[in-house]
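> One line per chain: the protein sequences are Y and F, in this order.
First residue of the first sequence? That's 0 in numbering that gives the first Met the number 0, and the numbers climb one at a time after it.
First residue of the second sequence? That's 0 in numbering that gives the first Met the number 0, and the numbers climb one at a time after it.
FYI, nobody ran anything at the bench for these hints, they're computed from the structure.
All C-beta atoms in this analysis are idealised placements derived from N, C-alpha and C, irrespective of residue type, glycine included.
It is possible that part of the hints are untrue.
Stated by the list, open to error - Reference listing, derived: stretches of chain F covered by chain Y, where coverage requires no fewer than 3 residues with Cβ under 8 Å from a Cβ of chain Y:
hint	region
1	17-29
2	69-78
As the list claims (entries may be wrong) - Only part of the chain F face toward chain Y is listed, based on derived beta-carbon distances under 7 Å:
hint	residue
3	I55
4	C58
5	A62
6	S63
7	G163
8	F164
9	L168
10	P184
11	A203
12	V241
13	I275
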Amino acid sequence: MSTILVRKGGLYTTVQDTGRDGYYEIGMPPSGAMDQYSYRVANLLVGNPDGAAALEATYIGPELEFTDDRLVAVTGAEAPVAVNGEAVPSWQTLAVRAGDVLSFSMITAGARLYIAVSGGIDVPEKLGSRSTYTLTGLGGFEGRKLADGDRLPVGKAGTDAPGPPVGASVPGPLRPEFPDVMPLRTVVGLCSYRLTEAALDSFLGTVWKVTKDADRVGYRLRGGTLDFVEREQPFGAGGDPANVVDLGYPVGSIQVPGGDEPIVLLNDAVTGGGYATIGTVISVDRDRIAQAKTGDRVSFVPVGLDEALAARRDRARRLAEARAALTA
Amino acid sequence: MSRTDTAELALPPARYEYGGDEFVFVEMDQAMSLEANIKAMTITAALRERGLDGVIDICPSNASYMIRVDPDVLHPAELVKELRALEESATALTSDRVLPTRVVDVPVLYDDPWTRETLMRFRDRHQDPGATDLEYAARINGYAGVPQLIDALSGAPYFVTMLGFVPGLPFCYQMVPRERQIEVPKYVRPRTDTPERAFGFGGAFSVVYPVRGAGGYQLFGIAPAPVLDVAQRLPDFQDGIVFPRAGDIFRYRSIDRNEFDRIRSEVEDGTFRYRIREYEFRPAEFLGDPDAVTSDLLEVLYG
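With the rest of the complex left out, here is chain Y:
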């Protein structure tokens, strides 16, 4: 079996794919690549089938040594990338040979890098996915983030679909942007009746800052205080005004424990609990928040279901355009 030698694991590098569906009801979140668009384009660049496992690296990328000929591509956040110390471009199909070393410098914009290798990362599937869920140590490489010295199994590169030619590149307009304030389109609702009208306006009008408590489970934000409607708490809810009778949390849902630190739950979400949820970031914009790092700013933009569904279609169209540009 072919392997990649992990010379350095980076800060937090895990194996991820499209995610593990069908286990939310037992309390297991889907996991999977946080920025699905960048992950999918990385696979397109190396000719992998949809859903092949890739690496997601947060803030500081890994150092990888290849042991055979491969296509490789880096997408997602912006960071200087090098092969054997020589700068190479992101969002482009690269060829590497046995002994070549892929390395990264500090990220300059965004938060998460995606590294796809032809043949895919060939860890065993667990419950239908190769995604890493570290809380229970399930999936991915031994259920954990990569460490120095790991030997990462890679699959046999497909021979029937060789992939784009070396040097193929994703056009600029099809790469994500990293604006100063990341707008997150949000369907307001769930238990938003718990916030006063003024608090809901303030939630939507505030520019929030990502705190250091921001990981694959969720992002904690700071920037304002939100008041709850006063009430006698219903039976079973618990005494705090932010409490409700424990309920399910959608991926992307927003809760405000204590009224001053909104939390947006993401791919490794806790699936339920006793805090009032006030809305849900639409699925497409989880790609955006995935590229926000500690200190970055985000805002919530109210949209309806139709706009959320239109955003899905738009992402599918952009993926189709990227595919067409790479195979032309």
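Let chain Y serve as the given structure and place chain F on it in line with the hints.
Here is chain F on its own, set in the frame of chain Y:
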């Protein structure tokens, strides 16, 4: 209640909300009640029967439920239409309605050394730093002492009304009328540590923590047997990595240290099996006379 009676579940109309484009959240009631949970269980069981394409997860949750949907296959608005129709047929509770379920004996060592050690480390985050969690809960719920509280906790069985937070964690609601429900607040500030398999209580819910980690529930004891087995070593985990299912009925039986140690060694050598009995639960009968039904199902479990 006679066999032909039809009870109405006295609940407000459900509230339907979109959780973005991939989730639908439906609230039966803001307050917890067995009626609200039974209604959520009835609707979600009927939805499961329908086998709709595009429904990824069906999550009954205490006084609400949540559906994860693939909107590219099933429009969330179409799903809500289906759910409203199911709600209409679930509101009238005929006496012949049956929810097939399991009754399970779940041993618990109450007032154990491990959770006691943990809770003593976090007294500064508790409502009553001078007492243990059991002493505090006995006092605010009007029990003469800890033994009487443990009798109440381990006497009547509980409904598993929701699974979630982390994989395998069962939220359990005791099958007694509201005036006999035990209720405790969560910690003032959550602990950063909880032993694996700790038996906790918060609001009106008891839980077993599947993994070690943070937690805010009062700590009352520890279970010798797991609710989560990622490696699927134990026979009860052959079909899945978690043991509890929403709709199960658990009895948290009080055990002594000898039995605890014996079960632990059975878990270690891979031979432990929960005591499980199949049970046809009749919601209308239960709501009419809860004590009669719980004594019947304990007889089925241990008889």
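> Which numbered hints does this structure break?
As far as the earlier hints go, only 13 is violated by this structure.
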